[in-house]
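Colleague: Input sequences plus hints: build the corresponding full structure.
Below, each chain spelled out in residue letters.
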Amino acid sequence: MKESFRQCMAWLHTWVGLVVGWILFFVFVTGTAGYVDDEITRWMEPERPLPMQVLPEQSSQMLDQALTQLQTHAPADSKAWTITLPHQALNPRATHGLSIAWEEMSQPGQRGRRGVEELDPVTGQIQPETEPRATAGGTGLYRMHYALHYMPYPVAIWLVGICTMLMLLAVMTGVVTHKKIFTDFFTFRPGKGQRSWLDAHNIVSVMSLPFFLMITYTGLIFFMSFYMPTGREIMYGATEEGRQAYFQDIRQQKHDFLPVSMPQAPLSAMMHSAEQTWGKNSIASVHITHPADSQAYVELRRTGVTGVYWTRAETLRFNAIDGSAMKPDNTSNITGDTHRVLLALHEGAFAEWWLRWLYFISGLLGCAVIGTGLVLWTVKRRTHHQKRLSKATALSVSERFDAAGLRLVEILNAGTLAGLPLGLAAYFWANRLLPVTMADRAAWEFHVLFLVWGWSFLYACWRPLKRAWLELLYLTAAAYGLIPVLNLLTTDRHLGVTVTHGDWGLAGFDLSMLGLAAIFIYIAIKMKRKWHIASLSKKTATPANLHTAGVNG
Amino acid sequence: MSNTSLWLNLAVFISSLAGFICLALASDRQGEFLLHRAPRKQERRIFRLIGWPFLAVAWLLCWQGWGWSIGTVAWLGWLTMAGAGLTFYLPWWPWQEKKPVRAKPTPVAKAAPKAAGIGNTESASRMSTRSLVLASSLLAIPAAFVIYLTQQGPQPVFGNNALQSQIGPWSFALAETNDQAPISGPTGAHRKAFQIRFCQACDPHIRRAYLQVSKPEPMPTPRQAFNSTRWTRSVEIAIPPNSEVEHQLWLTVEAKNGEIYHQAFDFHQVSPVTAAFIEQMP
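Chains as they are written, first to last, in the numbering used here: chain A, 1 to 553; chain B, 1 to 282.
Read the hints as simulated data drawn from the structure, not as lab findings. Keep in mind it's a predicted model, so treat the numbers as computed, not measured.
According to the in silico footprint, chain A covers these stretches of chain B (three or more CB under 8 Å from chain A):
#, region
1, 3 to 17
2, 21 to 28
3, 77 to 89
4, 133 to 139
5, 144 to 158
6, 199 to 209
Cβ pair distances, simulated, as ranges:
#, chain 1, residue 1, chain 2, residue 2, range
7, B, Arg-230, A, Ala-245, 31 to 39 Å
8, B, Ala-201, A, His-339, 44 to 52 Å
9, B, Glu-244, A, Ser-268, 54 to 62 Å
10, B, Gln-263, A, Tyr-217, 49 to 57 Å
11, A, Gly-237, B, Ile-14, 51 to 59 Å
12, B, Leu-134, A, Ile-234, 54 to 62 Å
13, A, Ala-478, B, Lys-41, 52 to 60 Å
14, A, Ala-394, B, Leu-134, 22 to 30 Å
Heads up, simulated BS3-like pairs for lysine-lysine below, C-alpha to C-alpha not over 30 Å straight-line:
#, chain 1, residue 1, chain 2, residue 2
15, A, Lys-380, A, Lys-526
16, A, Lys-387, A, Lys-530
17, A, Lys-387, A, Lys-180
18, B, Lys-256, B, Lys-215
19, A, Lys-180, B, Lys-41
20, B, Lys-41, A, Lys-179
Ideal Cβ positions, reconstructed from N, Cα and C, are used throughout, including at glycine.
Modeller: Right under this line is the structure:
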């Protein structure tokens, strides 16, 4: 074996990265959008009212009104009653008003039906909900980052899983390949072609290495029992019943329940006791159930998070009959907890908005690593290819094959790196422009996304490569930049309203669109300037290159 | 607890940045670049001794602000921002040594061969046919899309073929989701999708609606329930193999006050294709 270990790894890094690069770019772009999916959904449902600016104070009167409504509206044999008090919720991230919810007893093999009603926090009356337009919203984008689109769920999960595994491999081999990881830690040399691309690729990868390792590894953990079912199959059997039993064990849903009735102990006393430990306005929800093997209880859940493991929120439990404090079930086990902490790290639902921006930017850096990596592949080979063209008059079969491969990668790059963001912008455009009562509206928003993306591939085939890049980038910048204008023309949830109302979730969407437009216009101008210099010098230096035909094979 | 203080975040960022600047000063290339001379051994040691504690201070601030678990995540996030930000900024560092402009022509010369863009060096004749095909498809695809889009009607429940009727005190529109014959599922059972929409004032009073072939005895199973609890509700029902047209389509509505209403419709009224399909079933 002649090649060194590092050269082997470099080869692996190059080809693994290339093969899965475009899918990973899609996964990273839609996944990054997933960090703000609730805000995106909110923007895509402009019919919903602007959220309350000041949340009403949580009071025991609200609880009493909610209980009365539950008694009249929830079915007689409910398994659980839930009252949500006004608070800022984490998942989905939204301002919650007062609401009641119930879950019916589950039929064998079925989940119990659920019902929700919004209540007016002052009068306690049920409020009619506004009907939003049919859209998959940000959740749809987020779902695509693991379930893709237009294909069966298991196929997509496997495809994304394989790509993620290869990404993890690319990250590892990349670290091995990067010879001078410490010497070059702060090195960026702009304006030097291939060298600059490599520098940029290296800096972004090294600086956000913790994020990449975490996000790829935890991404695999999500569908752990799907990718590696053997352990489960040995313990529970490879049948459908075994699968069900396994998930039941994980979710710990082994209890039988009795129908819920009005708690005899006053909720106000429990609320008071909780506020003494947690402070005022710190109760997210009140949950009432009656397990068959113990007494009915009321469980109060605290707002906010205390750590990465945010799903394990602090709770206080009280006996529903006499109001005495009860010990919550001890559901923690080290394996399950580790699993859930890893997933929580991936989703970042615990993050307050500063940290969420860090997650979002790290996601964008992920897109940048994949993008620069893909471009680097072509930059490296194009120089080599040009040299070969200027020497030989006729190309051999393998050289023609190489040239066709290079052309293919170049088209895929322009079509994806500029075309996918364009498609995403088109998704938002479709949300505003498609008729509201249209059949299958939500599906058509996605069709528009993929149609525009596909169209940009064709465009990249048709135009000379550099033209295609520039024009697609201009188009993308324009598409993003005009979204706030489109929003102004089609809804009354535009910047003038959202900023003055202080609704930074909605206003942030429009402002971020302007930010994205600025990024794309910057890249386009940068490219144009660089290529302009290059084409000027070409005229004077190497006129021979102009007559090298047959590149496209 | 979630802490959104600007000052805390800024302090973490600045501390990480200061740490990285010190570490950059201690390195070979950046040290020379920033100091205009190679840093001495002694200086390097001092820069490292200042730099690392700065990064540690950033972590302590995070720990104070968010607790160790979220704090560590926030710390790594700010380190990324500070490190990447610093590195990309360094080439624009204002106090750098003016180097002779020998570096300038190099990028131009290097970039020169790339300028022979691959597409535009095509011979004219080959280019024209192919680009004509591509250009026409560039226009044809969106055009076809727009035509297809305009043919998409409104949701079936808003369409002219929807059955407008009343059950109990509530009016509604019922329609088939598409005018295709029932499709056969993997188990051989035939399925057909329907939509229903109650009037705006009625909608909040309805807990659930069900649809099925032949009279429910006494209540439909949850499988026959429309899958949404508001606005346009949709369901995909099974057409049993022994169905007859006379069995009719049965709508059951369960009100929030517990009242139950049943009503039967002829298949012809709602879905003529399903009627035809059932008639020709063996």
